[in-house]
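Chemist: The listed protein sequences correspond, in order, to chains Z and S. This note's numbering puts the first sequence at residues 1 to 431. This note's numbering puts the second sequence at residues 432 to 862.
Among these hints, one or two may not hold up.
Listed next, the in silico SDA-like pairs over lysine to any residue satisfying Cα-Cα at most 25 Å (straight line) [as the list claims (entries may be wrong)]:
no.: 1; chain 1: S; residue 1: Lys819; chain 2: Z; residue 2: Asn193
no.: 2; chain 1: S; residue 1: Lys458; chain 2: Z; residue 2: Lys62
no.: 3; chain 1: S; residue 1: Lys458; chain 2: Z; residue 2: Asn18
no.: 4; chain 1: S; residue 1: Lys674; chain 2: Z; residue 2: Ile82
no.: 5; chain 1: Z; residue 1: Lys62; chain 2: S; residue 2: Thr511
no.: 6; chain 1: Z; residue 1: Lys232; chain 2: Z; residue 2: Asp205
no.: 7; chain 1: Z; residue 1: Lys203; chain 2: Z; residue 2: Arg108
no.: 8; chain 1: Z; residue 1: Lys398; chain 2: S; residue 2: Lys819
no.: 9; chain 1: Z; residue 1: Lys27; chain 2: S; residue 2: Gly550
no.: 10; chain 1: S; residue 1: Lys560; chain 2: Z; residue 2: Asn345
no.: 11; chain 1: Z; residue 1: Lys398; chain 2: S; residue 2: Lys637
no.: 12; chain 1: S; residue 1: Lys458; chain 2: Z; residue 2: Lys203
no.: 13; chain 1: S; residue 1: Lys663; chain 2: S; residue 2: Val596
no.: 14; chain 1: S; residue 1: Lys458; chain 2: Z; residue 2: Asp205
no.: 15; chain 1: Z; residue 1: Lys62; chain 2: S; residue 2: Leu503
no.: 16; chain 1: Z; residue 1: Lys27; chain 2: S; residue 2: Lys819
no.: 17; chain 1: Z; residue 1: Lys27; chain 2: S; residue 2: Ser594
no.: 18; chain 1: S; residue 1: Lys560; chain 2: Z; residue 2: Pro81
no.: 19; chain 1: Z; residue 1: Lys27; chain 2: S; residue 2: Lys634
no.: 20; chain 1: S; residue 1: Lys560; chain 2: Z; residue 2: Glu75
no.: 21; chain 1: Z; residue 1: Lys388; chain 2: Z; residue 2: Thr376
no.: 22; chain 1: Z; residue 1: Lys232; chain 2: Z; residue 2: Arg277
no.: 23; chain 1: Z; residue 1: Lys206; chain 2: Z; residue 2: Gly305
no.: 24; chain 1: S; residue 1: Lys493; chain 2: Z; residue 2: Glu338
no.: 25; chain 1: S; residue 1: Lys493; chain 2: Z; residue 2: Lys203
no.: 26; chain 1: Z; residue 1: Lys27; chain 2: S; residue 2: Arg720
no.: 27; chain 1: Z; residue 1: Lys27; chain 2: S; residue 2: Gly651
no.: 28; chain 1: Z; residue 1: Lys203; chain 2: Z; residue 2: Asn193
no.: 29; chain 1: S; residue 1: Lys493; chain 2: S; residue 2: Ser594
no.: 30; chain 1: S; residue 1: Lys458; chain 2: Z; residue 2: Ser147
no.: 31; chain 1: S; residue 1: Lys493; chain 2: Z; residue 2: Lys62
no.: 32; chain 1: Z; residue 1: Lys206; chain 2: Z; residue 2: His106
no.: 33; chain 1: S; residue 1: Lys493; chain 2: Z; residue 2: Ile82
no.: 34; chain 1: S; residue 1: Lys819; chain 2: S; residue 2: Thr807
no.: 35; chain 1: S; residue 1: Lys458; chain 2: S; residue 2: Ile480
no.: 36; chain 1: Z; residue 1: Lys206; chain 2: Z; residue 2: Glu160
Covered stretches of chain S (in silico footprint by chain Z; criterion: 3 or more residues with CB under 8 Å from a CB of chain Z, positions within the stretch not fixed) [claimed, not checked]:
no.: 37; region: 492-498
no.: 38; region: 609-620
no.: 39; region: 719-732
Worth flagging that the hints you see were computed from the coordinates, not collected in a lab. Quick caveat: nothing in here was measured; it's all calculated off a predicted structure. Beta carbons: idealized from backbone N, C-alpha and C, even for Gly.
Number of protein chains: 2
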Amino acid sequence: MRIDNSPARGTRDLLPENVAVRDHMLKSITDVYRTFGYQRIETPAIEDISRLQGGQGGENEKLIFQILRRGLPPEIGAATPIRDLVDLGLRYDLTVPLTRFYGNNHARLPSPFRSLQVGPVWRAERPQKGRYRQFYQCDIDIIGESSVLAESELIEATSEALSAVGLDGITVRLSDRRFLAALAAGAGVPEDNWDGFFVALDKLDKIGWEDVQREFQEIGLPATAVTAVVEKISDLAELPGAKAADGLADALPNMPSSAIEDLSTTMACLHRLASERPLSWRFDPTLVRGMGYYTGQVFEMSYPGVRGSIAGGGRYDQLIGRSLDRDVPACGFSIGFERIVDLLNPDGRRDAIALLADNDVAVADVLAAARHLRSTTRAVEIARRSGKFGAQLTRLGKEGFSSFVHLRLEDGRVVQGSERPLATNDAPAAG
Amino acid sequence: MRIDNSPARGTRDLLPENVAVRDHMLKSITDVYRTFGYQRIETPAIEDISRLQGGQGGENEKLIFQILRRGLPPEIGAATPIRDLVDLGLRYDLTVPLTRFYGNNHARLPSPFRSLQVGPVWRAERPQKGRYRQFYQCDIDIIGESSVLAESELIEATSEALSAVGLDGITVRLSDRRFLAALAAGAGVPEDNWDGFFVALDKLDKIGWEDVQREFQEIGLPATAVTAVVEKISDLAELPGAKAADGLADALPNMPSSAIEDLSTTMACLHRLASERPLSWRFDPTLVRGMGYYTGQVFEMSYPGVRGSIAGGGRYDQLIGRSLDRDVPACGFSIGFERIVDLLNPDGRRDAIALLADNDVAVADVLAAARHLRSTTRAVEIARRSGKFGAQLTRLGKEGFSSFVHLRLEDGRVVQGSERPLATNDAPAAG
């Protein structure tokens with residue numbers, strides 16, 4: 001009889017060696033974020049469906065796992081709308097819950113509040129290789145800080161966090177929604193069409209300049225304006241980092257001076273940071289980032305050899321405030337947790353001693369021997385002798401044990417051998 | 432305008448001080464379990480609804496949050512059964528997923544496999560004080576170990592884990608389903624009614640002997656048999672721990688000798704453990720534990736001053752095997768995570784320096800000063816000067832900072848003050 005034990009479609013089981021890598025990564029990252037003052041909060045996985053469908057989630061709102069109301073009759077009446085059957089959903093990001101959390105708890109939080117969130121989110125995406133319906137997000141946010149101190153600190157904290165998991169040499173790419181707005185306005189795109197303009201530009205990575213220009217034309221941009229925009233962008237992209245702010249002011253006289261000053265400040269911080277840490281940065285006039293809620297600077301991090309970005313974020317001053325009916329400045333950065341985990345290698349080795357006990361040694365004696373061998377730092381796992389001695393040692397080595405101790409009876413007395421190393425084997429644990 | 436920011440009914444937000452206590456507890460417990468060789472695995476929160484409703488979950492199956500199929504039409508046709516609308520559900524425990532996980536991955540796991548699971552589960556219980564619809568479970572299980580080495584090790588590991596969070600002086604209560612079966616059989620309860628017999632006995636804590644006896648009668652036990660059972664139980668409860676196994680053999684000649692031997696072995700281990708660690712133990716003939724899947728020894732831990740148990744488990748040799756269509760011995764122990772968290776006190780203090788920066792200090796200088804002050808162990812959080820100096824220091828103390836460093840401009844140069852302590856304040860962080 002064949003029994004189907006696979007996890008729900010589009011989800012996966014995490015084996016000990018997978019969890020070990022993830023836990024190591026989580027600990028490295030959260031340890032760094034803690035030294036910057038970020039404090040971890042936790043919200044429930046389930047939220048009211050109306051909150052999840054409030055418009056903040058963009059396309060993700062189509063991917064919600066919706067939860068059936070409790071206490072429904074066993075059969076549903078004719079023409080019942082789906083929305084009458086559902087009252088909750090699984091969160092698809094950590095930003096919607098953060099907005100609600102801050103509204104619910106702001107009186108008990110410091111201001112500014114540095115939030116750290118790590119946890120699973122769920123999206124009913126079409127299953128495909130490397131994409132899962134349950135995956136982790138790792139977000140830091142500063143709520144209540146209106147100056148670009150927030151942006152620079154988020155970038156620095158995240159680059160340090162990535163460095164802690166061994167990802168040195170990242171490139172920070174920086175832009176600003178206010179720059180994009182000025183670019184669109186300057187090109188004569190009516191404000192109604194800015195979103196379409198941003199969406200088209202955002203696809204540049206995937207579809208290339210030719211198709212982006214076609215999309216510009218489709219949203220009604222005249223051919224001359226398209227050419228002007230493309231030229232402006234490529235001029236700005238070639239400006240050396242330190243001069244980008246000046247170049248922007250020249251190229252886009254309609255850009256607000258506060259936006260220029262903010263970019264100038266962030267660039268000065270990045271310049272200084274890059275002089276002390278192994279990272280580089282540049283102004284990227286083609287950087288949009290998908291979410292519609294960004295209001296100021298946006299940024300992403302790239303890592304050599306990895307397509308796209310491994311982290312991204314920006315300022316969103318008009319979102320958190322919706323939960324309080326007043327303006328609350330906010331800025332966040334999200335690490336592509338699953339992408340980064342995939343860059344790290346599971347090791348499979350455990351610093352663990354196998355206490356190999358002959359079967360005639362009394363259970364209480366085996367446990368006592370393990371207890372005395374074990375310490376806060378030394379893992380001791382009891383294994384009963386079985387099969388050929390050498391074969392069992394090989395198997396224990398494959399299972400990741402670093403050494404073994406043999407426990408046996410001699411003339412009725414328990415004799416404990418000395419600790420001996422097990423052959424290293426790079427293969428993951430196997431049964 | 433009043434906006435409702437409360438979390439979904441029956442769930443809660445966890446503030447930084449709550450998460451800090453939980454993280455501390457999780458780390459303490461999992462660090463101990465790791466030294467015993469338990470390795471953490473992770474399964475998805477969502478499982479196929481048919482698996483969750485397979486009968487293993489008992490009453491919990493009535494409390495499943497069911498997830499709507501994707502791609503349903505916007506309106507449901509007449510007399511559609513609910514089961515046609517649902518394909519997934521949120522897990523209500525970690526045992527159903529473990530069974531599936533082992534079936535799915537056993538070929539890649541060592542044998543015996545020591546599993547550690549920590550994570551949220553969901554139950555649509557009627558909301559009440561201290562009970563939440565999302566709560567953590569923390570389970571260890573040994574799969575593939577048929578001897579009672581497993582039982583004794585699980586008990587020892589869990590008592591060490593509880594000790595690591597400061598809960599010394601626990602009492603282990605031990606029983607065995609095979610004892611209960613022999614008791615029921617000896618009293619003349621037909622095998623069909625054993626479950627009812629167990630269920631009634633299980634309620635002893637809550638309803639007392641009088642009502643338990645009434646329930647015994649209701650399942651058809653004659654009055655004389657009821658008296659005999661109650662006498663037998665109270666005799667056994669008074670046996671000194673070391674003699675309980677002998678007493679059992681005398682009192683219940685129909686109990687299999689293997690069950691007596693197993694209890695005798697576990698008792699010897701507990702006796703030895705109690706001589707080295709601050710814990711006590713006893714055989715508890717009234718201990719049942721609710722889940723129907725237990726097949727051998729069952730155990731619970733009590734802590735002085737706490738009603739009921741704070742951890743419990745037992746052997747369930749016929750569950751894991753269902754996923755493989757062959758017998759797989761298994762034994763598990765579950766810590767009452769939320770109950771124990773409630774016993775620990777949030778501290779509210781953070782070992783963090785507030786870098787208090789005057790507003791005329793350039794952002795890049797503030798960030799650089801923080802960077803140089805910060806280390807892998809020292810948290811440095813930037814705070815902008817605002818309001819009266821003394822009032823801000825008081826507020827920072829209340830927010831949990833341990834010290835501050837003042838950063839200011841003097842004749843255009845950045846001057847960094849020395850680190851000075853902040854007044855201790857036991858109140859939790861407040862804004």
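Chemist: If any of the earlier hints don't hold here, list their numbers in rising order.
Modeler: Numbers 1, 2, 4, 7, 8, 10, 11, 12, 13, 14, 16, 18, 19, 20, 21, 22, 24, 25, 26, 27, 29, 30, 31, 32, 34, 35, 36, 38, 39, in rising order.
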